[in-house]
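Asks: Sequence:
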Amino acid sequence: MTPNENDLLNGTRFALAWHDNEIADFLDQTWIDGWLRESFLQHVTQQENRSEQEIQQALRNFEYQAHWLNLLT
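Going by the numbering used here, the first residue of the sequence shown is number 1, and it counts up by one from there.
Just so you know, the hints here were simulated from the structure itself, not pulled from any lab data. Just so you know, even glycine gets a beta-carbon here, dropped at the ideal spot from N, CA and C. Hints are supplied without guarantee of correctness; some may be wrong.
Using C-beta positions, here's what the derived DEER-type ranges look like [to be verified]:
id, residue 1, residue 2, range
1, GLY34, GLN57, 15 to 25 Å
2, GLN53, ASN4, 37 to 47 Å
3, ASN70, THR45, 17 to 27 Å
4, LEU8, GLN56, 27 to 37 Å
5, THR73, GLU38, 21 to 31 Å
6, ARG60, ASN6, 34 to 44 Å
7, ASN61, ASP7, 27 to 37 Å
8, ASN10, GLU38, 24 to 34 Å
9, PHE14, GLU54, 33 to 43 Å
10, ASN10, ARG50, 42 to 52 Å
11, GLU54, GLY11, 23 to 33 Å
Construct the complete structure from the given sequences, taking the supplied hints into account.
Replies: Here it is as structure tokens:
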């Protein structure tokens, strides 16, 4: 997601959500959650030695969102 030409011409502001009241809505967007899950799965299957059960538990616990939140701090 990036600003397009119309956004630039209209002066639309573009920024990542980082305030507490914005983060929940941001993470609830289907494409954001899917992107974070996909990135997490790609990393964990290529770089870590976790069992399928451990990976599924990490997904249920939203570990992929926690890693993203850590990057913001």
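Asks: Give a verdict on every hint.
Replies: Taking the hints in turn, this is what the structure says about them:
Checked against the hint of 15 to 25 Å, the C-beta distance between GLY34 and GLN57 comes to roughly 19 Å, which is consistent with it. At roughly 43 Å, the beta-carbon separation of GLN53 and ASN4 lies within the given 37 to 47 Å, and the hint holds. A C-beta distance of roughly 20 Å is found between ASN70 and THR45, which places it inside the suggested range of 17 to 27 Å. Taking 27 to 37 Å as the suggested C-beta distance range, the pair LEU8 and GLN56 does not conform, at roughly 43 Å.
Roughly 22 Å separates the CB atoms of THR73 and GLU38, a value that falls within the hinted 21 to 31 Å. With their beta carbons about 40 Å apart, ARG60 and ASN6 fall inside the hinted range of 34 to 44 Å. Distance hint for ASN61 and ASP7: a CB-CB separation of about 36 Å, consistent with the stated range 27 to 37 Å. Roughly 31 Å separates the CB atoms of ASN10 and GLU38, a value that falls within the hinted 24 to 34 Å.
Distance hint check for PHE14 and GLU54: the Cβ-Cβ separation is about 37 Å, which falls inside the suggested range of 33 to 43 Å. Distance hint for ASN10 and ARG50: a CB-CB separation of about 46 Å, consistent with the stated range 42 to 52 Å. Our hint of 23 to 33 Å for GLU54 and GLY11 is violated, since their Cβ atoms are close to 47 Å apart.
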